[in-house]
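A.B. asks: On the provided structure of chain C, position chain D as indicated by the hints.
There are 2 protein chains.
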Amino acid sequence: MQAYSSLFQILNQAIQEQQQSLDSSSPKEMYAPMNYIIGLGGKRVRPLLTLVGCDIFDCNPNDAIHAALAVELFHNFSLIHDDILDKAPLRRGNQTIHEKWGHNIALLSGDGMMVKAFEVLAHSNKNHITQLLQLFAKTGIEVCEGQQLDMNFETQDKVSVENYIHMITYKTAVLLGCSLQMGAICANASTKNQNHLYEFGKHVGIAFQILDDVLDVYADDEKFGKQVGGDIISNKKTFLLLDAFELANESQTKELNHLLYSTKISNQEKVKQVTDLYNTLGVKELAIKEANKHTDIALKHLEEIEANTIKKNNLKGFALQLLNREV
Amino acid sequence: MQAYSSLFQILNQAIQEQQQSLDSSSPKEMYAPMNYIIGLGGKRVRPLLTLVGCDIFDCNPNDAIHAALAVELFHNFSLIHDDILDKAPLRRGNQTIHEKWGHNIALLSGDGMMVKAFEVLAHSNKNHITQLLQLFAKTGIEVCEGQQLDMNFETQDKVSVENYIHMITYKTAVLLGCSLQMGAICANASTKNQNHLYEFGKHVGIAFQILDDVLDVYADDEKFGKQVGGDIISNKKTFLLLDAFELANESQTKELNHLLYSTKISNQEKVKQVTDLYNTLGVKELAIKEANKHTDIALKHLEEIEANTIKKNNLKGFALQLLNREV
Numbered sequence: 000m001q002a003y004s005s006l007f008q009i010l011n012q013a014i015q016e017q018q019q020s021l022d023s024s025s026p027k028e029m030y031a032p033m034n035y036i037i038g039l040g041g042k043r044v045r046p047l048l049t050l051v052g053c054d055i056f057d058c059n060p061n062d063a064i065h066a067a068l069a070v071e072l073f074h075n076f077s078l079i080h081d082d083i084l085d086k087a088p089l090r091r092g093n094q095t096i097h098e099k100w101g102h103n104i105a106l107l108s109g110d111g112m113m114v115k116a117f118e119v120l121a122h123s124n125k126n127h128i129t130q131l132l133q134l135f136a137k138t139g140i141e142v143c144e145g146q147q148l149d150m151n152f153e154t155q156d157k158v159s160v161e162n163y164i165h166m167i168t169y170k171t172a173v174l175l176g177c178s179l180q181m182g183a184i185c186a187n188a189s190t191k192n193q194n195h196l197y198e199f200g201k202h203v204g205i206a207f208q209i210l211d212d213v214l215d216v217y218a219d220d221e222k223f224g225k226q227v228g229g230d231i232i233s234n235k236k237t238f239l240l241l242d243a244f245e246l247a248n249e250s251q252t253k254e255l256n257h258l259l260y261s262t263k264i265s266n267q268e269k270v271k272q273v274t275d276l277y278n279t280l281g282v283k284e285l286a287i288k289e290a291n292k293h294t295d296i297a298l299k300h301l302e303e304i305e306a307n308t309i310k311k312n313n314l315k316g317f318a319l320q321l322l323n324r325e326v
Numbered sequence: 000m001q002a003y004s005s006l007f008q009i010l011n012q013a014i015q016e017q018q019q020s021l022d023s024s025s026p027k028e029m030y031a032p033m034n035y036i037i038g039l040g041g042k043r044v045r046p047l048l049t050l051v052g053c054d055i056f057d058c059n060p061n062d063a064i065h066a067a068l069a070v071e072l073f074h075n076f077s078l079i080h081d082d083i084l085d086k087a088p089l090r091r092g093n094q095t096i097h098e099k100w101g102h103n104i105a106l107l108s109g110d111g112m113m114v115k116a117f118e119v120l121a122h123s124n125k126n127h128i129t130q131l132l133q134l135f136a137k138t139g140i141e142v143c144e145g146q147q148l149d150m151n152f153e154t155q156d157k158v159s160v161e162n163y164i165h166m167i168t169y170k171t172a173v174l175l176g177c178s179l180q181m182g183a184i185c186a187n188a189s190t191k192n193q194n195h196l197y198e199f200g201k202h203v204g205i206a207f208q209i210l211d212d213v214l215d216v217y218a219d220d221e222k223f224g225k226q227v228g229g230d231i232i233s234n235k236k237t238f239l240l241l242d243a244f245e246l247a248n249e250s251q252t253k254e255l256n257h258l259l260y261s262t263k264i265s266n267q268e269k270v271k272q273v274t275d276l277y278n279t280l281g282v283k284e285l286a287i288k289e290a291n292k293h294t295d296i297a298l299k300h301l302e303e304i305e306a307n308t309i310k311k312n313n314l315k316g317f318a319l320q321l322l323n324r325e326v
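These protein sequences, in sequence, are chains C and D.
Under numbering that gives the first Met the number 0, think of the first position of the first sequence as 0, with each following residue one higher.
Under numbering that gives the first Met the number 0, think of the first position of the second sequence as 0, with each following residue one higher.
Read the hints as simulated data drawn from the structure, not as lab findings.
One copy or two, either will do: identical chains are not told apart, so a pair holds if it fits within one copy or between any two.
Below, computed lysine-lysine pairings styled on DSSO-like, alpha-carbon distance capped at 30 Å: (1) 157 <-> 86; (2) 27 <-> 236; (3) 310 <-> 288; (4) 137 <-> 42; (5) 157 <-> 99; (6) 235 <-> 27; (7) 27 <-> 157; (8) 86 <-> 99; (9) 269 <-> 288; (10) 191 <-> 125.
With the rest of the complex left out, here is chain C:
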């Protein structure tokens, strides 16, 4: 996004320096995997938001650079360990760390990356560090809790849509809110402004995650970059599936359970039939409605923030661009 090109420049420079520092650290067995996963890229949404959260109050985004790096390191730590938990072979089209270097190195380099996030944060301005650390650690714990809830869902019979929203809020959304608020803290923004910015980020995160579930089923195969219907094949408890169970009548529930647990149906047929049922129940539209609800809440919080109007509009544009992936 054009409006953020100078922020991206600051960020990319800092990430590059961080990588150089990791690259020159030893033991290599622990640091090479850290460098590898950071080098896989990604959109850098979280650390960018930290710089935006500072810049929106007309403060120098460099003041938030340590917080931004901390957020990116923490995010990468969570990717390493989530991939172990999920036994995922690939991350952004490349081998995951545990696949490439083995389980123990993945575990330990993840640990090292998490501590590194806090070490980087420790170099923030002394006036902000207590608040930054309290928010960052609280959020980090919530992310772990969200991951645990997600794991619990795998074996839980009854999961409500409400439970699901709670899970994605912790697993994904709070880190977006935290990223923005950390920037605002570095800009000495008022508590009111900080809170609105946090809520904005959180609700954008919730909307994003719900739309991600929709995309997994309804995306254009070629544009999606991963297998459409993957969530259906793996019986993942997504917004769509949980909503479908809440809306289904007795025979539809029976059919859905049959599709989920039968070993006689091909994956292709399973995806087709579950999608048909989703269409009958209208869960796609309900998911989009729920995502829009959270987008609206987010934008209301953004409106409340006392900040540079142009910069608020830029943030609005950035969020809508994030959410406006073709469904």
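C.D. replies: Coordinates of chain D only, in the frame set by chain C:
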């Protein structure tokens, strides 16, 4: 130890409150294992040292309680993940977390515990938090590096005694130094006093670890509480083994390698013959000499500290008691 009974009282109270807080947190799947491992006890040496590091400068030990808890939480995180790495079935005579609840819960509750350590630390006095966080995070990274070095040793052909001292310094000793220094930071001690206290703790830690290797071979079976010779059986690269390789002549090296890698020798015979070789080479005495060297360095640092003499003597007594396990 009598001199520290009131510090232990403060500490135990705080740990108990921490456990109550964990006990009332959810999801239970993540918090129950944390509570379990903290409940297994241990000597609580590290958090006690944090309180001692504050008290020795005649400051209220309560001022260091968050730092002390952070250290204990971090230590317990490292135990959870080390047990996964080592595939250890038992910890303090009880099932390890990954044995009791499975790998994924162990991984995640370890992560949660580590973030919790930083969250607790965030409640320290604002005047100290930057320094506390910088020291704590730096030490945390060193502990991970030490663990990685230890893992590397398993497949490394040549490990020098010097490499070994470096590894135990990071894996074990720096956290003892850090624990004490964090207390000193909370007491507003001078940088000079802080550094001497850190070095004291670090060298006590090195001595402790070397003596631990000696104990594993030469302890009284009944008093030791675990299998004597366990390190020999598992070919662990201890101070004794590495020193033996450095001192052995050609035929002794050959014999040692034979004992280590032959599948035809019983464990009992292996322990006996390796111990005989250790005795011939005098590595036990050399290890004790090396441990004493570090104890002496530690005590010299303690002498340099400008603090209450009685309290310095108490700390000396405590350290010597820690080290004076019957060999």
